[in-house]
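Number of protein chains: 2
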Amino acid sequence: MSSPNPAGVVRAALAEVAKAFGHEHRVELIEQLAQGPRSVEAIAERIGVSVANTSQHLRQLHRTGLVTARRSGKRVIYRLAEASEADIVALLGSLRRVAEHAVASMERVAGEYFHARDRLEPVAAADLAIRLREGSVTLLDVRPADEFALGRLPGALNIPLNQLRQRLAELPRDRQIVAYCRGPYCVLSFEAVAELRANGFDVRRFQDGYSEWKAAGLPVEAV
Amino acid sequence: MSSPNPAGVVRAALAEVAKAFGHEHRVELIEQLAQGPRSVEAIAERIGVSVANTSQHLRQLHRTGLVTARRSGKRVIYRLAEASEADIVALLGSLRRVAEHAVASMERVAGEYFHARDRLEPVAAADLAIRLREGSVTLLDVRPADEFALGRLPGALNIPLNQLRQRLAELPRDRQIVAYCRGPYCVLSFEAVAELRANGFDVRRFQDGYSEWKAAGLPVEAV
DNA sequence: GGTAAATTCAATCTATCAATTGAATGATGT
DNA sequence: ACATCATTCAATTGATAGATTGAATTTACC
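Residue numbers (my numbering), protein chains in the order written: chain A, 1 to 223; chain B, 1 to 223.
Quick caveat, the hints were computed from the structure, so don't treat them as lab data. Remember, predicted model here, so these are calculated numbers, not experimental data. Just so you know, not all the hints are guaranteed correct.
[Unchecked claim] Derived, one-sided and incomplete: chain B residues facing chain A with beta-carbon distance under 7 Å:
| hint | residue |
| --- | --- |
| 1 | 7 |
| 2 | 9 |
| 3 | 21 |
| 4 | 22 |
| 5 | 90 |
| 6 | 97 |
[As the list claims (entries may be wrong)] Derived SDA-like pairs (lysine to any residue); straight-line CA-CA distance at most 25 Å:
| hint | chain 1 | residue 1 | chain 2 | residue 2 |
| --- | --- | --- | --- | --- |
| 7 | A | 214 | A | 130 |
| 8 | A | 214 | A | 32 |
| 9 | B | 19 | A | 130 |
| 10 | A | 74 | A | 52 |
| 11 | A | 19 | B | 47 |
| 12 | A | 74 | B | 86 |
| 13 | A | 19 | B | 97 |
| 14 | A | 19 | A | 49 |
| 15 | A | 74 | A | 122 |
| 16 | A | 19 | B | 74 |
| 17 | A | 19 | B | 25 |
| 18 | A | 19 | B | 19 |
| 19 | A | 214 | B | 25 |
| 20 | B | 19 | A | 48 |
| 21 | B | 19 | A | 74 |
| 22 | A | 214 | A | 104 |
| 23 | A | 214 | A | 138 |
| 24 | B | 74 | B | 97 |
| 25 | A | 19 | A | 74 |
| 26 | B | 19 | B | 86 |
[Unchecked claim] Just a sample of chain B residues kept apart from chain A, beta carbon distances all over 12 Å, derived:
| hint | residue |
| --- | --- |
| 27 | 13 |
| 28 | 53 |
| 29 | 63 |
| 30 | 96 |
| 31 | 98 |
| 32 | 102 |
| 33 | 121 |
| 34 | 123 |
| 35 | 126 |
| 36 | 146 |
| 37 | 197 |
Even for Gly, the Cβ is constructed at its ideal location relative to N, Cα and C.
Kindly generate the complete structure, drawing on both the sequences and the hints.
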């Protein structure tokens, strides 16, 4: 009789995991870590929060068992707990789907900003995998160069969104382009598709992002 | 430019939904409502929390958009927001999968208490649906009678767990029995299977529960 | 061994949240 | 209209979480 009330323990565990996701900073931390391992400093800089504060939130995620830490030289590298990585990305997806209908502010954003969604002809992961194998598309990664360096879809070309306008010449006009960034609500790829279409390219948007591709066990490249 | 930073809005929305799940009571409220609409009083009594407190938590879920309320005579009946119902049940599942690996206390419970899981030969929803259509199994609902009355799998026989021992005669010995209760970690069906096996019945466990069956759009019966 | 850099710890203050109580509201039935 | 019941609101208290600061650890590198 070491566990007095299994149903209660399970509920407490669910609530604990939910609490870990219950702060905007931590959601962002998890989104970052879903792309791959990062040091405290690297994450703090990217999300614009003090190092000490970032460290606190990471410790909390660690306590809940969502992330693991290892030392590498001077830095501590955090990553999503390996056993849960795919489940955590799936959980982010579940939260997003619920929020889409439930939370008023998000419904508005989803409506306003992503209204163009259907027109961008999103490509599903399975389709994209097939077309990559066929070699029938050019993959465009519009994330910042440092994120690209840490991991990307196989064969992707990296043109960060803010350089896109100057580097249009690097893109093919005779093949379809599929643009992606971090995840399904990452804005970069939306803007990239809009920009490229305005310039006459045949371009579609990958409906998920790097995190989901990786979590699905599909092949990735790194330096 | 009505939404200044879409990614931020999305993250805030996710965190808000997560917060709503970030308390044991609210997880239990949601689990209850996943079975069907209930009044404040009915829920409060079942989960053993004061009516006032239950009302507060329900109001919070309402603010987040997870539940809707309507008046019916003296009572206010809450239910999961229709547009999100299936997504909410899926979110509970995601939380559970993450917690299983991440949260130490739950891992222990999952190990200790549900170790017998495989031996109970869980039946998946799709399989169960087929076998019900064939009429090749007897379905046993071991939840309390009031929950059964509010909704159940088609053709199920209700014997609440605490009456099971006295009512074994009502169960067939020449057909397989499939027992279910509220959800995948609901203890009732685990105990029912154990009890029935000890008495020589051919019995398996439905791996999900009423909530999941209903959320999957499979047919249900009610009074 | 000593110094510098990255991270964590400890302590503090503030804000938010949970639970409780009693009063208020809204609907019902006489 | 009045009494009653279910629920909500408002106000209070205690508990918890977040941000911030500076000191303490841990490791790297000389």
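Okay, the hints, checked on the actual structure:
no. : hint             : in the structure
1   : 7                : holds (6 Å)
2   : 9                : holds (5 Å)
3   : 21               : holds (4 Å)
4   : 22               : holds (4 Å)
5   : 90               : holds (5 Å)
6   : 97               : holds (4 Å)
7   : A:214 with A:130 : holds (16 Å)
8   : A:214 with A:32  : holds (13 Å)
9   : B:19 with A:130  : violated (39 Å)
10  : A:74 with A:52   : holds (16 Å)
11  : A:19 with B:47   : holds (21 Å)
12  : A:74 with B:86   : violated (46 Å)
13  : A:19 with B:97   : holds (15 Å)
14  : A:19 with A:49   : holds (20 Å)
15  : A:74 with A:122  : violated (42 Å)
16  : A:19 with B:74   : violated (34 Å)
17  : A:19 with B:25   : holds (13 Å)
18  : A:19 with B:19   : holds (6 Å)
19  : A:214 with B:25  : violated (35 Å)
20  : B:19 with A:48   : holds (23 Å)
21  : B:19 with A:74   : violated (35 Å)
22  : A:214 with A:104 : violated (30 Å)
23  : A:214 with A:138 : holds (19 Å)
24  : B:74 with B:97   : violated (39 Å)
25  : A:19 with A:74   : violated (30 Å)
26  : B:19 with B:86   : holds (19 Å)
27  : 13               : violated (3 Å)
28  : 53               : holds (16 Å)
29  : 63               : violated (10 Å)
30  : 96               : violated (6 Å)
31  : 98               : violated (5 Å)
32  : 102              : violated (3 Å)
33  : 121              : holds (20 Å)
34  : 123              : holds (21 Å)
35  : 126              : holds (20 Å)
36  : 146              : holds (18 Å)
37  : 197              : holds (19 Å)
In summary, the structure is inconsistent with hints 9, 12, 15, 16, 19, 21, 22, 24, 25, 27, 29, 30, 31 and 32 from the numbered list given earlier, while agreeing with the others.
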